[in-house]
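Novice: Sequence:
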Amino acid sequence: MGNVNKVFLMGNMTRDPELRYTPNGTAVCDFGLAVNRSYTTRDREKRDETCFVDVTVWGRRGEIVSEYFSKGRLIFIEGRLKFDTWETADGRRSKLTVVAEDFQFVERRGGEPGAGPQQSDSAKGGDRAGSPPSGRARGQAPSRQEEPPAETSEESGYDVSDDEIPF
Numbered sequence: 018m019g020n021v022n023k024v025f026l027m028g029n030m031t032r033d034p035e036l037r038y039t040p041n042g043t044a045v046c047d048f049g050l051a052v053n054r055s056y057t058t059r060d061r062e063k064r065d066e067t068c069f070v071d072v073t074v075w076g077r078r079g080e081i082v083s084e085y086f087s088k089g090r091l092i093f094i095e096g097r098l099k100f101d102t103w104e105t106a107d108g109r110r111s112k113l114t115v116v117a118e119d120f121q122f123v124e125r126r127g128g129e130p131g132a133g134p135q136q137s138d139s140a141k142g143g144d145r146a147g148s149p150p151s152g153r154a155r156g157q158a159p160s161r162q163e164e165p166p167a168e169t170s171e172e173s174g175y176d177v178s179d180d181e182i183p184f
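Sequential numbering of the sequence shown, starting at 18, is according to the numbering used here.
Incorrect hints may have been included.
Listed next, the in silico PhoX-like pairs over lysine-lysine satisfying Cα-Cα at most 25 angstroms (straight line) [said to hold, decoys possible]:
no., residue 1, residue 2
1, Lys112, Lys88
2, Lys88, Lys99
3, Lys112, Lys23
4, Lys99, Lys23
Calculated directly from the structure, the hints in this document are not laboratory data. Just so we're clear, the structure is a prediction, and the values are computed from it rather than from any experiment.
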């Protein structure tokens, strides 16, 4: 049986992204992510739990994250787990991180932190990270008034616009 190492997380950045470059010029962006979970115990007591995750994004995607995101901003990432170990004077240390291979911009209703359900820029005409919406040059900030392009038979196998879907 094969192995799977895939992670999907959506949460708030706990610090501003830190962009640096390797000696050969590859961009590396690191940031912290807080993923919240609310649940109710058997005694009907509501509890909140927060998981803090360190995230690394490589290449052009890392540059985009550094440019458009900041502390407190909601982000959806897709990636893989990476386990690092190293030796220190105090002994052996280890750390589990997420290497983000893709991400999506996520908006909040009303533009306020914690203001309810979200919709990604990709749902508004953008594609995944590194692919700006059609009509927008790479590196430009996302426009909030762009309309999604109609799907063509090449992309989805059907020539159907969103207006023709009954739900």
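Novice: Is Lys99 close enough to Lys23, meaning Cα to Cα at most 25 angstroms?
Specialist: With Cα atoms ~11 angstroms apart, Lys99 and Lys23 stay inside 25 angstroms; holds.
Novice: Within 25 angstroms, alpha carbon to alpha carbon, are Lys88 and Lys99?
Specialist: Answer holds: Lys88 to Lys99 is near 23 angstroms, not above 25 angstroms.
Novice: Within 25 angstroms, alpha carbon to alpha carbon, are Lys112 and Lys23?
Specialist: holds, 17 angstroms
Novice: Holds or violated: are the alpha carbons of Lys112 and Lys88 at most 25 angstroms from each other?
Specialist: holds, 22 angstroms
Checked against the numbered hints given earlier, this structure breaks none of them.
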